[in-house]
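Enquirer: Listed below are the residues making up each chain.
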Amino acid sequence: MKGLKLDHLQIALNDTVLLRLDARVRPGEVLAVMGPSGSGKSTLLSCIAGTLDPVFRTGGCVQLDGRDLDGLPPEQRQVGLLFQDALLFPHLSVAGNVLFGVPRHHADRREKVEALLRDAGLEGFGPRGPQTLSGGQKARVALLRTLAAEPRAILLDEPFSSLDATLRGEMRQYVFDRIRRAGVPALLVTHDREDAIASGGHIVEL
Amino acid sequence: MRREWKISFRLMMVLLFTPALSTAQPDPDDWDSVLEEAGGQTVYWNAWGGEPRMNDHIAWAARELESRFDVEVVHVKLSDTAEAVSRVLAEKAAGRDRNGAVDLIWINGENFAAMKREDLLFGPWAESLPNFPLTDPDNNPAVREDFTVPVEGYQAPWGKSQVIFYHDAARLPEPPRSMPALLEWVSANPGRFTYPRGDHFLGTTFLKQALLELRGQDELFYGPIDEETDVVGATRPLWAFLDQLHPHLWRQGRVFPGGGSQLRRMMGDGEIDLALSFNINEATTGLLNYELPPSVDSYVMDEGTIGNVHFLAIPYNASHKAGAMVLANFLLSPEAQLRKQDPEGAGGNTVLSMDRLNPADRDRFRDLLPGPATLAPDELGAPVPEPHPDWTLALERLWLERYGVQ
Amino acid sequence: MKPLSAWVHISPWLVLVVLAGPVLAGLAGIVLPAFGWLPALGGDTPGFHAWRQLSEQPGLFRMVIISLVSGLLTTAVSLAIVSLFVAGWSGTRAFRAVERCLSPLLSVPHAAAALALMFLIAPSGLLARWVSPWLSGWQQPPDLLIVNDVWGFSMMAGLVVKEVPFLFLVTLAALRQCHAGDRMRLARSLGYAPMAGWFRAVFPALYPLIRLPVYAVIAYASAAVDVGLILGPTSPPPLSVAVLGWLNDPRLDMRFMASAGALLQVLVTVGALSVWWLGERLVTGISAGWLVSGGRRCADRWWSGAGLVGVMLTVLLAASGLLGLLIWSFAGFWSFPANWPGQWTMTTWERAVLLLGDPLRNAALVGVVATLLSVLLVLGWLENGARSPLRATRLPQRALYLPLIVPAVAFLFGLVMLQALLGIQPGLASVVLGHLVFVLPYVYLSLSESYRRMDPRWIQLARTLGASPDRAFFRVRLPMLMAPCLTAAAVGFAVSIGQYLPTVLLGAGRVTTVTTEAVALASGGDRRIVAAFALTQAVLPAVGYALALGLPALLMRRTRRIRP
Chain C
1 MKGLKLDHLQ IALNDTVLLR LDARVRPGEV LAVMGPSGSG KSTLLSCIAG
51 TLDPVFRTGG CVQLDGRDLD GLPPEQRQVG LLFQDALLFP HLSVAGNVLF
101 GVPRHHADRR EKVEALLRDA GLEGFGPRGP QTLSGGQKAR VALLRTLAAE
151 PRAILLDEPF SSLDATLRGE MRQYVFDRIR RAGVPALLVT HDREDAIASG
201 GHIVEL
Chain R
1 MRREWKISFR LMMVLLFTPA LSTAQPDPDD WDSVLEEAGG QTVYWNAWGG
51 EPRMNDHIAW AARELESRFD VEVVHVKLSD TAEAVSRVLA EKAAGRDRNG
101 AVDLIWINGE NFAAMKREDL LFGPWAESLP NFPLTDPDNN PAVREDFTVP
151 VEGYQAPWGK SQVIFYHDAA RLPEPPRSMP ALLEWVSANP GRFTYPRGDH
201 FLGTTFLKQA LLELRGQDEL FYGPIDEETD VVGATRPLWA FLDQLHPHLW
251 RQGRVFPGGG SQLRRMMGDG EIDLALSFNI NEATTGLLNY ELPPSVDSYV
301 MDEGTIGNVH FLAIPYNASH KAGAMVLANF LLSPEAQLRK QDPEGAGGNT
351 VLSMDRLNPA DRDRFRDLLP GPATLAPDEL GAPVPEPHPD WTLALERLWL
401 ERYGVQ
Chain V
1 MKPLSAWVHI SPWLVLVVLA GPVLAGLAGI VLPAFGWLPA LGGDTPGFHA
51 WRQLSEQPGL FRMVIISLVS GLLTTAVSLA IVSLFVAGWS GTRAFRAVER
101 CLSPLLSVPH AAAALALMFL IAPSGLLARW VSPWLSGWQQ PPDLLIVNDV
151 WGFSMMAGLV VKEVPFLFLV TLAALRQCHA GDRMRLARSL GYAPMAGWFR
201 AVFPALYPLI RLPVYAVIAY ASAAVDVGLI LGPTSPPPLS VAVLGWLNDP
251 RLDMRFMASA GALLQVLVTV GALSVWWLGE RLVTGISAGW LVSGGRRCAD
301 RWWSGAGLVG VMLTVLLAAS GLLGLLIWSF AGFWSFPANW PGQWTMTTWE
351 RAVLLLGDPL RNAALVGVVA TLLSVLLVLG WLENGARSPL RATRLPQRAL
401 YLPLIVPAVA FLFGLVMLQA LLGIQPGLAS VVLGHLVFVL PYVYLSLSES
451 YRRMDPRWIQ LARTLGASPD RAFFRVRLPM LMAPCLTAAA VGFAVSIGQY
501 LPTVLLGAGR VTTVTTEAVA LASGGDRRIV AAFALTQAVL PAVGYALALG
551 LPALLMRRTR RIRP
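Protein chains in written order, with our numbering: chain C, 1 to 206; chain R, 1 to 406; chain V, 1 to 564.
None of these hints come from the bench; they were simulated from the model. All C-beta atoms in this analysis are idealised placements derived from N, C-alpha and C, irrespective of residue type, glycine included. Don't take every hint at face value.
Said to hold, decoys possible - From the structure, some residues in chain C lie toward chain V, with a derived Cβ separation under 7 Å:
1) THR51
2) GLY80
3) LEU87
4) ALA149
Please put together the full structure from these sequences, using the hints given.
Expert: As structure tokens, this is what we get:
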């Protein structure tokens, strides 16, 4: 069965249950999870990505394309993560950042990077340092890096909240388009209703 | 650069794995095999490190040994030769009869006597050194007797020392030339003289110098001390002299300098007007080194000053005896002796006999320029021989008891 | 398991062994002989013989008092100078200027600083020459016992010059941690003058953060050997110096008494710490009312002035002392009342270059190896904490201050005895291990903050992009922390360069470094050559810092060029 399935997922800290969620996201679909700050949105993403601090206790299970993710280390889950900040590695060039994502078994890794950059309208930006990019360009490179890793699901942690209003709409469009094209399920957490609506999928309130 | 690292690495390996290596006893009479065995060895030469000029000389010898004989020399700088003696003693107590940490010691007097008495020395080897005959031992008994103790080939002579006094002629044109004159002068000029602590060899030497002058070269002092010896009675004139002297010394005799180089510094700063040294070139090297004023000059007491020979000895459990012998032989060569006697080098008189040198070497010694503030041999006069080592130890102990803690 | 993972797994335990092992083993190595048990030297009847012999040592009481007073007074004065200055001048231009001056001072080894001070304040020193004869009327150096004075005041001054920069930089870090800026704004808005506000609103939160460094200062000052050898009294010397003398005594039976003396040194340091701790209680009790008394000012100008004078004096003493070293190393003959040398010469440096070869090579070799090992261990330990925050072993953290608080002369002496018993050859390897004990804590203190502050999302991101924990460490964590790592390495190297005791004791004199040579020459030798050695010693850590600052910029440029 394709897609991301959260089966009676439950996250608790010191006997206090922070959130419960039961949901399914099909390939190419975006599920928007909304809630005020402190409602455990980021914790949910960490849990799915496998980077949750062990002080949290979890129940239920997470399945991706029919595979149980429980107990797998993050690098084997094939779950991409996109944060509010682009978080481009400052010690690598733009191309280096994207290259970091490309799996090592690929034959033409560099060509793939070039293709991705070209597709995103960033041709020739490869050798530049991340500091020289504008906010929108950084966000695009971050998305490319995530896609380059060929994830089977993408998690978006307030990805647009650091962008100004004009860029925001443009980026939303771009990100959701690319996800649909990639045909992977995505989970968006946000406190901004417009983000949730623009994702065009179901909306869950925590 | 790469060679340096290789040496460090080798050093580390040697230090790590020394116990695994075995040492055969080299035969001093088969010099070729000694030379062969010495190649590649690292000799730990334990030598007093308080005199920078001498350290320079040792560093020079180390460089020469490395390039000529492939023997690496590490100068383990001691603040007191007794440290090396105690290390060998400790190794013997711990049962380490091979692979000891000390290969060669710069030594004489009470330390040699103690090591010889306790069977801590390798030998006899010294008289087998190819350069030993150059000392003309039959006509030069000083290289076969150390503080009255027979050497018997257990240490090789290295150099001659004699006590000299030096003064700033600009401030003190007529220095005192006897102990009573010294006392008189110091009483009139308080704070302008001092001598090193009584447990430092130069301090003990000043005590011996004063004792031998005040009591005469009594035969008593040239034999060992036993239960019947009246040490306190024999040394009473010395303590009476010091009791009078001390209140007029630098810092009222509440503190004593730590050694000869500190005395020299105090002379340079003008803190004192008169000092003593066991190096006849002290004034000249200090002057050339900018440590002493140009007006500095040397002299000896009217009744002469103490002189001795210093030696090199190999502990019984040394790890690198062959290398140590090669080093000792090199230091006895005319080339090294010449460099040591040079007033601009380490300073001190050679133990070689001029009659035994080839004419070229003899000329080189003769052509050595006398230092501007060094006494000529006839001005130095015959050295007063050192008393038996027991007296050195006794004087040291009694001094510490009387003046050690203020 | 992969090599890195294995290293990460075991390094907390290795750190624990490195820190606590030598200290505890060393202490065991003195406790037994102190009570008469050392079979190798014929000691097989336990008893108090060694203590009786120790108690008969002339001047023992004064040795103990000097060490005790030195520990407490040095720390009190240094802490007072630092807190008065920080309270009165935070945020001013003077503060930033002092910050720039004090940081390089921290890297100057204790021995070099002590030598610089000695050249400055001795009766024939620079100060006396500069004021003679026009002001003082001295034609000859005054017959005063200034350096090596009976009660050790010049030794304490030498320690203060080094401890003020240390406490100042520790305080700077702590100020950020306790949000001193916000606290001060609050206090000022309530009408408190800077001084009154700082001591009420900031200091109570700040002090607990710097308590351990303060204890380390007390411990160091009560047991310092190198500074004591150079500036301390001689008859009798401070206890730590006396213990070193007994240890080196040729008479082997002295080892029992020396062990008792080393143990006494531990007691003296513990005593100094206890007195300080009682003082803390007392101040807390007394000040409870004062804190809320509502007094808005407390002779602000006077106190902040005192703080500034204290800090300026420290900087000036150290700076002119170092200048003095520079002058002496080029001086020809320099007769006493002359303000400057009559001649200038290069011969001192020509000689020094010949003599410096081995000591420089050894110092660099030991420093680099000890620093490298420390950085590797600390990285492994920190990575372990980052990977498994729950299991992160806190034990090594507690052991961190052990080598900084237990007097080095005591446990190192014990190690020397063990070394002899086990038949281990003294040499470079033992010296490196000895340095490691002192270098590692400083590398940890320097690196841990940056490690903890690094955003955890970087590693999460790398992992979700398919990087294994090890790959994430090498490709993301390490490059991003390169600058702090290099700084920590520079700190570690500086600490190693400054080590005197572990080098002489564990190397048994075979391993000479610039530091051991400088201290050995200090007792009497030619001022010019001592100056050249001390300067070299002071410059080495600076070279380390320059590399640490310069390398990242270079590396950055290269990575950019190589990676598309």
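Enquirer: List in ascending order the numbers of the hints, as given earlier, that are violated by the structure.
Expert: Of the numbered hints, all hold.
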